[in-house]
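Protein chains: 2
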Amino acid sequence: MQPEQVQGAARLAEVRFAVAVAAGRQPGTVLLQNAQVVNVCTGEIVRTHVLLAGRLIAGVGEAFATAGAEQVVDLSGRWLVPGLIDGHVHLESALVTPAEYARAVLPRGVTAVVCDPHEIGNVAGLPGIQWLLQASAGLPMDVWVTVPSCVPATPLETAGAELGLAEMAALLDQPRVLGVAEIMNFPGVIAGDDRILARALLAERYGKVPDGHAPLLSGRALHAYLAAGIGSDHECTGTAEGLEKLRAGCFLMIREGSATRNLTALAPLITPRHTGRIGFVTDDRFPHDLLSAGGVDDLVRRAIALGVDPALAVQCATCNTARYFRLPRRGAVAPGYVADLAVLDDLAAFTVATVYKNGAPVATDGRLAVELPAAPPPTPAVTGTVRLPPLGPADLRLAAPAGEIRCLRLVPGQILTEQVWVQPRTEAGQVVADPERDLAKLVCVERHGRRGGVGVGLVTGLGLRAGAIASTVAHDHHNLMAAGTNDADLLAAARRLAELGGGFVAVAGGRVLAELPLPIAGLVTDQPLEQVRAALDRLEAAAGQLGVQIPAPFMALSFLGLAVIPELRLTDRGLVDVAAARLVPPGRLSAGG
Amino acid sequence: MQPEQVQGAARLAEVRFAVAVAAGRQPGTVLLQNAQVVNVCTGEIVRTHVLLAGRLIAGVGEAFATAGAEQVVDLSGRWLVPGLIDGHVHLESALVTPAEYARAVLPRGVTAVVCDPHEIGNVAGLPGIQWLLQASAGLPMDVWVTVPSCVPATPLETAGAELGLAEMAALLDQPRVLGVAEIMNFPGVIAGDDRILARALLAERYGKVPDGHAPLLSGRALHAYLAAGIGSDHECTGTAEGLEKLRAGCFLMIREGSATRNLTALAPLITPRHTGRIGFVTDDRFPHDLLSAGGVDDLVRRAIALGVDPALAVQCATCNTARYFRLPRRGAVAPGYVADLAVLDDLAAFTVATVYKNGAPVATDGRLAVELPAAPPPTPAVTGTVRLPPLGPADLRLAAPAGEIRCLRLVPGQILTEQVWVQPRTEAGQVVADPERDLAKLVCVERHGRRGGVGVGLVTGLGLRAGAIASTVAHDHHNLMAAGTNDADLLAAARRLAELGGGFVAVAGGRVLAELPLPIAGLVTDQPLEQVRAALDRLEAAAGQLGVQIPAPFMALSFLGLAVIPELRLTDRGLVDVAAARLVPPGRLSAGG
Numbered sequence: 000m001q002p003e004q005v006q007g008a009a010r011l012a013e014v015r016f017a018v019a020v021a022a023g024r025q026p027g028t029v030l031l032q033n034a035q036v037v038n039v040c041t042g043e044i045v046r047t048h049v050l051l052a053g054r055l056i057a058g059v060g061e062a063f064a065t066a067g068a069e070q071v072v073d074l075s076g077r078w079l080v081p082g083l084i085d086g087h088v089h090l091e092s093a094l095v096t097p098a099e100y101a102r103a104v105l106p107r108g109v110t111a112v113v114c115d116p117h118e119i120g121n122v123a124g125l126p127g128i129q130w131l132l133q134a135s136a137g138l139p140m141d142v143w144v145t146v147p148s149c150v151p152a153t154p155l156e157t158a159g160a161e162l163g164l165a166e167m168a169a170l171l172d173q174p175r176v177l178g179v180a181e182i183m184n185f186p187g188v189i190a191g192d193d194r195i196l197a198r199a200l201l202a203e204r205y206g207k208v209p210d211g212h213a214p215l216l217s218g219r220a221l222h223a224y225l226a227a228g229i230g231s232d233h234e235c236t237g238t239a240e241g242l243e244k245l246r247a248g249c250f251l252m253i254r255e256g257s258a259t260r261n262l263t264a265l266a267p268l269i270t271p272r273h274t275g276r277i278g279f280v281t282d283d284r285f286p287h288d289l290l291s292a293g294g295v296d297d298l299v300r301r302a303i304a305l306g307v308d309p310a311l312a313v314q315c316a317t318c319n320t321a322r323y324f325r326l327p328r329r330g331a332v333a334p335g336y337v338a339d340l341a342v343l344d345d346l347a348a349f350t351v352a353t354v355y356k357n358g359a360p361v362a363t364d365g366r367l368a369v370e371l372p373a374a375p376p377p378t379p380a381v382t383g384t385v386r387l388p389p390l391g392p393a394d395l396r397l398a399a400p401a402g403e404i405r406c407l408r409l410v411p412g413q414i415l416t417e418q419v420w421v422q423p424r425t426e427a428g429q430v431v432a433d434p435e436r437d438l439a440k441l442v443c444v445e446r447h448g449r450r451g452g453v454g455v456g457l458v459t460g461l462g463l464r465a466g467a468i469a470s471t472v473a474h475d476h477h478n479l480m481a482a483g484t485n486d487a488d489l490l491a492a493a494r495r496l497a498e499l500g501g502g503f504v505a506v507a508g509g510r511v512l513a514e515l516p517l518p519i520a521g522l523v524t525d526q527p528l529e530q531v532r533a534a535l536d537r538l539e540a541a542a543g544q545l546g547v548q549i550p551a552p553f554m555a556l557s558f559l560g561l562a563v564i565p566e567l568r569l570t571d572r573g574l575v576d577v578a579a580a581r582l583v584p585p586g587r588l589s590a591g592g
Numbered sequence: 000m001q002p003e004q005v006q007g008a009a010r011l012a013e014v015r016f017a018v019a020v021a022a023g024r025q026p027g028t029v030l031l032q033n034a035q036v037v038n039v040c041t042g043e044i045v046r047t048h049v050l051l052a053g054r055l056i057a058g059v060g061e062a063f064a065t066a067g068a069e070q071v072v073d074l075s076g077r078w079l080v081p082g083l084i085d086g087h088v089h090l091e092s093a094l095v096t097p098a099e100y101a102r103a104v105l106p107r108g109v110t111a112v113v114c115d116p117h118e119i120g121n122v123a124g125l126p127g128i129q130w131l132l133q134a135s136a137g138l139p140m141d142v143w144v145t146v147p148s149c150v151p152a153t154p155l156e157t158a159g160a161e162l163g164l165a166e167m168a169a170l171l172d173q174p175r176v177l178g179v180a181e182i183m184n185f186p187g188v189i190a191g192d193d194r195i196l197a198r199a200l201l202a203e204r205y206g207k208v209p210d211g212h213a214p215l216l217s218g219r220a221l222h223a224y225l226a227a228g229i230g231s232d233h234e235c236t237g238t239a240e241g242l243e244k245l246r247a248g249c250f251l252m253i254r255e256g257s258a259t260r261n262l263t264a265l266a267p268l269i270t271p272r273h274t275g276r277i278g279f280v281t282d283d284r285f286p287h288d289l290l291s292a293g294g295v296d297d298l299v300r301r302a303i304a305l306g307v308d309p310a311l312a313v314q315c316a317t318c319n320t321a322r323y324f325r326l327p328r329r330g331a332v333a334p335g336y337v338a339d340l341a342v343l344d345d346l347a348a349f350t351v352a353t354v355y356k357n358g359a360p361v362a363t364d365g366r367l368a369v370e371l372p373a374a375p376p377p378t379p380a381v382t383g384t385v386r387l388p389p390l391g392p393a394d395l396r397l398a399a400p401a402g403e404i405r406c407l408r409l410v411p412g413q414i415l416t417e418q419v420w421v422q423p424r425t426e427a428g429q430v431v432a433d434p435e436r437d438l439a440k441l442v443c444v445e446r447h448g449r450r451g452g453v454g455v456g457l458v459t460g461l462g463l464r465a466g467a468i469a470s471t472v473a474h475d476h477h478n479l480m481a482a483g484t485n486d487a488d489l490l491a492a493a494r495r496l497a498e499l500g501g502g503f504v505a506v507a508g509g510r511v512l513a514e515l516p517l518p519i520a521g522l523v524t525d526q527p528l529e530q531v532r533a534a535l536d537r538l539e540a541a542a543g544q545l546g547v548q549i550p551a552p553f554m555a556l557s558f559l560g561l562a563v564i565p566e567l568r569l570t571d572r573g574l575v576d577v578a579a580a581r582l583v584p585p586g587r588l589s590a591g592g
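Here the protein sequences line up with chains A and B, keeping their order.
Take 0 as the starting number for the first sequence in numbering that gives the first Met the number 0 and just add one per residue.
Take 0 as the starting number for the second sequence in numbering that gives the first Met the number 0 and just add one per residue.
Careful: at least some of the hints might be erroneous.
Said to hold, decoys possible - Non-contacting residues of chain A with respect to chain B, defined by C-beta distances greater than 10 Å in every case (computed):
{"id": "1", "residue": "Gln133"}
{"id": "2", "residue": "Leu290"}
{"id": "3", "residue": "Thr363"}
{"id": "4", "residue": "Gln429"}
{"id": "5", "residue": "Gly448"}
{"id": "6", "residue": "Gly452"}
{"id": "7", "residue": "Ala513"}
{"id": "8", "residue": "Leu528"}
Stated by the list, open to error - Which bits of chain A does chain B cover? Going by a derived footprint, with three or more residues having C-beta under 8 Å, they are:
{"id": "9", "segment": "30 to 42"}
{"id": "10", "segment": "185 to 196"}
Worth flagging that the hints you see were computed from the coordinates, not collected in a lab.
Think of the CB as a built atom: it goes at the ideal place given N, C-alpha and C, for glycine as much as any other residue.
Given these sequences and hints, build the entire structure.
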């Protein structure tokens, strides 16, 4: 199925109407007079008039200055840009439903996102992604989907589901699905693993695109990766890397997320020569950033502040991404295009006055102007997903090996971790936390009701001096991840998250200090984003009382299980040496050896 | 079906091989060292190395300088460009089969064409287009197809077939079909005629593009036309018109054909700001031009001579067109792309040394280096297509009206005609030719065995002083068109073309002076292009003996029935006032009035 929401007789009717309006046989629905239109097709800013006909733009130009319309709005020189398109985002990272996400970014001019439901896919598989499709249907923001390609991400972890070729194909056949999402298993691609290559090629079969994920790949490795037909990358961090990828035909998605920020480094690549092949993406935006800085609008604003030509910056967040994803008639202020538009009070500051979606105003002065459709209730696939094994103190034991033990070290401000060797504190032959030396116990409990395994290790860098913090958001497998100074609080935290059906919690002395329930797949709440932010503030304050001083400690915790980013990680199956792509024992020698 | 020739297990195998070659696990097939690669993705020219793996490009860059390969070719600084793609061409205008067309342009670096089989569709309908698909399958040049949208072109003529929505849909479902061809009935689109709009929308349903044809449209009319979702135009003649179309989101196909030449006027639009939205097309190239100047390579050469940046000129004939038509992995020298390449001795002169198609050399120093597959025999649908009604002198009569009569006037060098009023010479109440005043009789005989009608009128501007010339190529209906100084020679010419199954003929005193049989649909021969040129030379010499001094007189004759280009035309149904889109009587008053 091709990506078009309106088909058949309804499509003929809307086109007939738009043609009649453009030709002057019928009045339009809205006439936007005296707009400074950012024309992304030519890179110009042209003061002119735009006539809408229902969902579509009927015409743009001087010829429409006094065209008939039900409503005439004189923009008096305000700017008009196409609605922005975020080319790659994990909506789950905002911890809210697609509707809540839309409520946050629509007033900022974001009228479409291409989301990769990798997180909910890892927890709830195909039914989880189907819930996301349902929960995002009918919103006044287009939620396009790319199919997660790596569920589970590695064989070193237990995810809640597997997405095989059959499940991926079922999704690719849907009209709102634009391609296969970032193929993170780049070693598998480069090694020519048929099972991985088949996932890239599946997109082709449906006339859709396979997205890439090629951090620091260069030379032969980069070309081997792209030779598989993969079309994009959003992991680029420098201009030399970016230019090499552009030269290699790659669509360069410049990312500015909460965890990883690449815009400043890559902005020099945004010139007319390259611009058509560059798109803006947010990847992951946490609630605070989303509320304070925004979504992909933040990249446009920052790019302009970095000196990028405003029309080129807007191109990167509109027509370029639409063209890459073969989205027809989106991302430009042009006849026949879907009337997704943002009126700006100021272009450079990207201050949005009014947003039109499908030709109708949906947000004004930073607030939604329409009711969002009632969210469908969470389906069984995405509720009750925290299914812990029976847990007792024995399950959290870590027998002390002779000598030093591996310990994860958080690197401030990065999702990288380092492996450090420490001499652990022990009690009765068991490794225990040592808050004096900032050594907390880290556990990862399989929570999908499958293998029931528990990984145990040490982490430093959190600053935890008492109690425990825990999360069921834990990339990419989303098992239960907890760090604590004592087993009793670790167990209490786990029990509380099981009761909540997932979320974040801070515990001390067996008492819950703060919590955020995330009952949908253990990843997302149906509560408003502002409430999520308030709960996170309370959680961070509680963590602070426990000694944690790093910013966004629950996000940091959620990345400690990410077995695809160096250096040392902990999953339900144990410690992972990422570079070697294998499980490793805690010590240099075996326990008691 | 998506446009990819290699699918399923074969696709997996070729990708696996390309990845292995790029990664260095297997030797490549060809290593092209020390090439000056025109990188159309970045607009740069980079001296580097290109490694091929069968049909695909495995890698590009310094890392491949000494990569293993079955064959190593040191290009010693010669240029390397992607194989050129002609975005819109009526192959039938070359009067030869697709294989012969390929033989002419492949050595010039043209590795793909997007053809609009409008002519054979008008004669032989869906089976005719299916013959063309068969006759172009397996060539070492990709022949992509757009489905003719206007067969017949107008209700004022009798074509050999109709292409309705069902026939169009059957074609759109085929993988080599990229879209719906130029929707010439722009008045129908602008008027909102559902039957015409449905043809544009049909392309969408298959995820393909509807091409446009919007000569001189501007303002509300242009926007009404594009509001129907139409994506391109190739009729643009000036920069102001071109800029308006680019601003309106239109993909601008710059045309340089035999009959109409727009490159010089539009070259100033080819700047980095616009280039991604511009493609080069030849539309119609007659045999002489094809042999002397070439195909779409001629546009690249001329554009560079006009001062266009060479890399941008190459973009317009490669990746831009591929992207517009959503052709995956074509039109760039990049990993994973199909290895369609041209090695140039000189970039500015665009002198082609070697051409690679699907990774294999297919032409060297201006000559094909491979055997073309044997053409399938013409099918019954495309043979015996000249089915004239019984014709006698009575059928060519034109009763003299009172006073003046309308006469078509050829405009030298254009396909426009003018209407002039002349006082005709008459004999026994019938209008006859008057060579002294350059008034020839013009007849159009329905030749598809359908209505059997004959249109009769006068033409001036040919210079015919004796005999007759005739053609079964007659845009768009391709009835038999003949101009003569006497009915006997007109009848003799028609009889001869019926015997030949179509073609061109020059007759005087009842004797054939020269002829070119075009037995396939009355449009095309299976003979070599050089023979066609020689026959055309003989025909033009014969026409010259009869007084015709204009260049390419048979081409001129073939446009006298084109009822969609102003001002006056003749079809089998009579004289057509194009602006009024209706049949008109020869005189101001009725015959004998």
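To see whether the hints hold, each was checked on the structure:
Annotated as non-interface, Gln133 of chain A keeps its C-beta farther than 10 Å from every C-beta of chain B; the closest such distance is 24 Å. Every CB of chain B lies more than 10 Å from the CB of Leu290 of chain A, the least distance being 34 Å, so the non-interface label holds. Against the 10 Å criterion, Thr363 of chain A stays outside the reach of chain B, whose nearest CB is about 27 Å from its own CB. For Gln429 of chain A, the non-interface assignment is confirmed: its Cβ lies about 46 Å from the closest Cβ of chain B, beyond the 10 Å cut-off.
Annotated as non-interface, Gly448 of chain A keeps its C-beta farther than 10 Å from every C-beta of chain B; the closest such distance is 35 Å. With a least beta-carbon separation of about 34 Å from chain B, Gly452 of chain A lies farther than 10 Å from that chain, consistent with its non-interface assignment. No beta-carbon of chain B is positioned within 10 Å of the beta-carbon of Ala513 of chain A; the least distance is around 49 Å. Listed as outside the interface, Leu528 of chain A is consistent with that label: its C-beta sits roughly 35 Å from the nearest C-beta of chain B, beyond the 10 Å cut-off.
Check on the segment 30 to 42 of chain A: 4 of its residues sit with their Cβ under 8 Å from a Cβ of chain B, so the three-residue criterion for coverage holds. Coverage of the segment 185 to 196 of chain A by chain B holds in this model, with 6 residues showing a Cβ closer than 8 Å to a Cβ of that chain against a need of three.
The structure agrees with every numbered hint stated previously.
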